[in-house]
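S.K.: So the sequences go chain by chain: A and B. Yeah, the first sequence ends on 277 if you go by this note's numbering, and it's all consecutive. Yeah, the second sequence ends on 732 if you go by this note's numbering, and it's all consecutive.
No lab work stands behind these hints: they were computed from the structure. Possibly wrong hints are sitting among the right ones.
Some but not every residue of chain A turned toward chain B, in silico, with C-beta under 10 Å [as the list claims (entries may be wrong)]:
#: 1; residue: Phe34
#: 2; residue: Val145
#: 3; residue: Met175
#: 4; residue: Pro254
Derived pair list, reagent style SDA-like, types lysine to any residue, alpha-carbon separation capped at 25 Å [stated by the list, open to error]:
#: 5; chain 1: B; residue 1: Lys646; chain 2: A; residue 2: Tyr237
#: 6; chain 1: A; residue 1: Lys261; chain 2: B; residue 2: Gly375
#: 7; chain 1: A; residue 1: Lys261; chain 2: B; residue 2: Glu387
These stretches of chain B come out as covered by chain A in the derived footprint (C-beta under 8 Å, 3 or more residues) [as the list claims (entries may be wrong)]:
#: 8; segment: 164-170
#: 9; segment: 459-472
#: 10; segment: 500-506
Where a beta carbon is used, it is the ideal one built from N, C-alpha and C, also for glycine.
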Amino acid sequence: MKVRLGERILAHGVLILASIVVLYPVLWVVKMAFSPSQAFSMSLSLLPKQWTLENFRVLLTANDGIFFRQMLNSVIVAAATTVVGVVLSCTAAYAFSRFRFPGRQVGMATFLITQMFPGVVMAIPLYILLDNLGLLNSLTGLVLVYSTTAVPFCVWMLKGYFDTIPVDLEEAAVMDGAGQWTIFTKIVLPLAQPAIAVTALFSFMTAWNEFILAATFLSDERMYTVPVVLQQFVGDYNTEWGYFAAGAIIVSVPVMALFFKLQTYLVGGLTAGAVKG
Amino acid sequence: MSRLCWVVWGWLVWLVVGAATAQAAEPVVVWHAYQSAEREALQAVAARWNEENPQTPVRLLPIPYEAFANRLTSAIPRGHGPDVFIAAHERAGDWSRSGLLRDVTGEFDVDDHHPVTVEALTIGEEVLGVPLAYKSVALFYNSEMLSEPPATTDEMIELARAHTRPDDGAFGLVYEAANFYMHGPWFFGFGGEIFGEDGSVALNSPAGRESLAFAHRLVEEERIVPREATGSLVGHLFREGLAPMAISGPWFLGELDEDLPFDIAPLPAVSETGLASTPFLTVEAAFVSSQATQPETAVAFARFLASHEMAVERALTGMQPVSTLSAYEDPAVGEHRILSRFREQLDQAMPMSNDPRMRSIWEPATQALGQVLRGVVTPEVALAQAERRVALYTRPPPEPKDPTPLMIGLTVLLLLGLGYGGYRFRRDRVWARMKASAPAYVYMAPAILGMAVLIVVPFVVGSAVSLFTHQEGEFTYVGLANFIDIILSQEYGLTDPHSFYFTLGVTVLWTGLNVFLHVAIGLGMALLLRDPWMRMRGVYRVLLIIPWAIPNYITALIWRGMFHQQFGAVNALLAFVGVEPISWFSQFATAFTANLVTNTWLGFPFMMVVTLGALQAIPRDLEEAAAVDGASRWQRFRHVTWPLLKPALVPAVVLGTVWTFNMFNIIYLVSAGAPDGSTEILISEAYKWAFTRQEQYGYAAAYAVLIFFVLLAYGLFSGQLKTHDPASKGES
């Protein structure tokens, strides 16, 4: 498609404006992270008066570097949630998309309905439940809770995407003698890469930034995830914004790295050709 | 990929086992929510204890303040609580009545402590905890700008006038005028009382009204105190030398640079009454859990924390105003330029009442203060309304009911349901069809099992709570009383911002506008970002998801700061194009807009990512063909892209709707319900009932169940609960 120069300039203009709006508050976080003060900055300038790495140093070295351990916990929990969430929802969504069976409509609706119940009344029952399952002070318990939180969206998203993959492709594979599982793993999943990338990012984020449940369930500082650590800087009367901002930056870098990696699947050129149908 | 899985699972198992074996040593566990210097001091005390008592060590567990209280009430009754926890005294009455605390009367010498701190921890004859430290506000002044602190409020106003230049952003005095906690000194200084002689709520006294009028005078008539002052603004103006006086507490010290010339003084006496300005006093104490596994050691550690030597340690290392009197005999503490000043303020401070009703005072009193400062009503009207609200929040629970009819009804319903299900099962030959599609169930089993256990079970338990009323740890069955109360809106007129229907209206508006903006902006960005001719797509894409990646606690508060009337970036930008400064949080429409803008900023990246993924399913040659046929850009989008995109976006839109409906923390962080609770949504109301108004869990759960039914109705009527199957597909 030919695109006129004017349109290109306009498109860049819109994107640059959007980037400025997105970045302005973020630069504020950066400013606070690199300022020596723990105060919440109110001045409009985006540059700190003094630059310092002190907030990062304190955060990373406190308590013999327990932060690295906590970061590892976060990575484990988020990665395991992503794996569990995506695996569970890929198979479930495939069944919903390709099979017609009793309970199908009800099943899909139930996934959605579970999202409608507000978390405010779920926390204490969940606490009791995890206690009875013996998973209270464990990362496994967190992974389970986070995965089930992420699954409904993932199932709906993937089911919608699987629907757009023509059944003809699979029928052709059946002709060639492929089994159901082979078709699922060798044809459907590769074609659904963009949707899997979206659900993976979503599952990861569900686990990555959550702190209320983690702070309620975990009772060993070495098992804390990073959001719990960050939330400790928020006190009854005041918040240590310098540390919080430094932590917020550390926390968001892996997400951006992950997205940078995943976006090749989001916009890759491979699939488009195969799905022509 | 599978190797990664194994590594991850290996780690998990290792960590679980590690946790299990770590518990075997059984030290005394101490929970706290201290930060920075205070935490260091506590660590030093614990290290000292462990050195002296290697047989009975203690282990500290820092817990975020926000999760602290909730966690105590869930963990202690189930035997997972701490042995000792350090917390402020206000909720001690509740904890004691719920049976969470061990009585420590006679376990330590009360004469070692300032009597006010012991009084705060005493209910009847019982002492509930060992006092450690206290927090109250005092007057911070810039000693270069003021030679002497004011002794009376008249002097204070006089001094402040000389330093006020509102247009330059300079004010004589800065404090959070709209916060009832910060207003406390004036309220008590004018002779106000929260509870009267007879124990009834007595906010609306002449003294109370005068104190509100005084706050109005400072901000709106004298204009010596800035409007909409938040803790951040207080710090900013005082640090920058733009305000010679600030009212704040010991926590403020952490924000002040060492080279800032400041001093602290007791608050000036109220000139009109001659009474001392009396701030609220919070006492921090070591409480011993009723479930402590080693109660003797726990009590001994609490005593150790309060001992002379450790009090000096906490005072000097943690900059803590300690309650142990003998600590002040140590010159390093007694003559300390900061600690000695707070010690002076302690002699004129009002311990926050440990009456459980106290927690229902803050919200109505703060709203009354806000209304008076905005000038919408007189102090009398505002306080009368506040008293009505307090009465409402503390009203007696509904009558207990007999649960037998419920049990019978449930049994009958269950039997009927089973009977009908069985009938349909046989009639429709469901079994045969189920057997035929066995593979489908195998694919779904893991997800269904996980959901059933971890969502449906808590869901049922949680919604059952709505049939109960909660008081002091006891749940009583009350039938549908909570629902009837909410649905009939018995306590409020329909247009009152606190009524269910008003809040529902706000919630629907909030959800609709948010989802529309998220989708519109997300879609627009995604369409721009997929075109191959667009250079630097990858860079833009990563930049634009940042709002999703950064913890929203900090960015939401940055947005709140940006909406400040005088010092915010938004008004600065508007002034650039000639718009008068807007007071964002004083009207419903603008406060709602501020919430909306913030949540749109936070929410569009998700929709953008989803759309980017969904766009991949659309063959580009269809659009190209349309372009060849002469379709305009809009026509191509409207007739080719959009119809193909819609099915893939439906789940994100539906779930986005559900999430936004229950998105309470943005409201909480940005407008906090201002003005007057009108920008609250249903879920934030539910939170308030559960956590800030008397822990009415049953009432909150009833709100949650109603939210659920509203969303279910939305799902049913919009047809979103049906799966959208492409029409062309046959049964497979």
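S.K.: Confirm or reject each hint.
M.R.: Hints, one by one, checked against the model:
1. Interface restraint check for Phe34(A): the shortest CB-CB distance to chain B comes to about 14 Å, outside 10 Å, so the restraint is violated.
2. Here the hint on Val145(A) is kept, as its CB sits about 6 Å from the closest CB of chain B, short of 10 Å.
3. Evaluation of the Met175(A) hint against chain B yields a violated restraint, the C-beta minimum of about 14 Å exceeding 10 Å.
4. Contact between Pro254(A) and chain B, as hinted, is supported at the beta carbon level, the nearest pair being about 9 Å apart and thus within 10 Å.
5. Taking the CA atoms of Lys646(B) and Tyr237(A), the gap is about 47 Å. The hint is violated against a cut of 25 Å.
6. For the suggested pair Lys261(A) and Gly375(B), the alpha carbons sit about 55 Å apart, so the restraint of at most 25 Å is broken.
7. Simply put, Lys261(A) and Glu387(B) have alpha-carbon atoms about 57 Å apart, too far for the 25 Å limit, and the pair is violated.
8. Evaluation of the coverage hint for the segment 164-170 of chain B: breached, as 0 residues show C-beta separations to chain A shorter than 8 Å, against a requirement of three.
9. Note: the segment 459-472 of chain B has 6 residues with beta-carbon separation from chain A under 8 Å; the three-residue rule is met and the coverage holds.
10. Here's how the segment 500-506 of chain B fares: 0 of its residues keep a CB closer than 8 Å to some CB of chain A, so the rule of at least three is not met and the hint is violated.
Violated hints for the displayed structure, listed by number in ascending order: 1, 3, 5, 6, 7, 8, 10.
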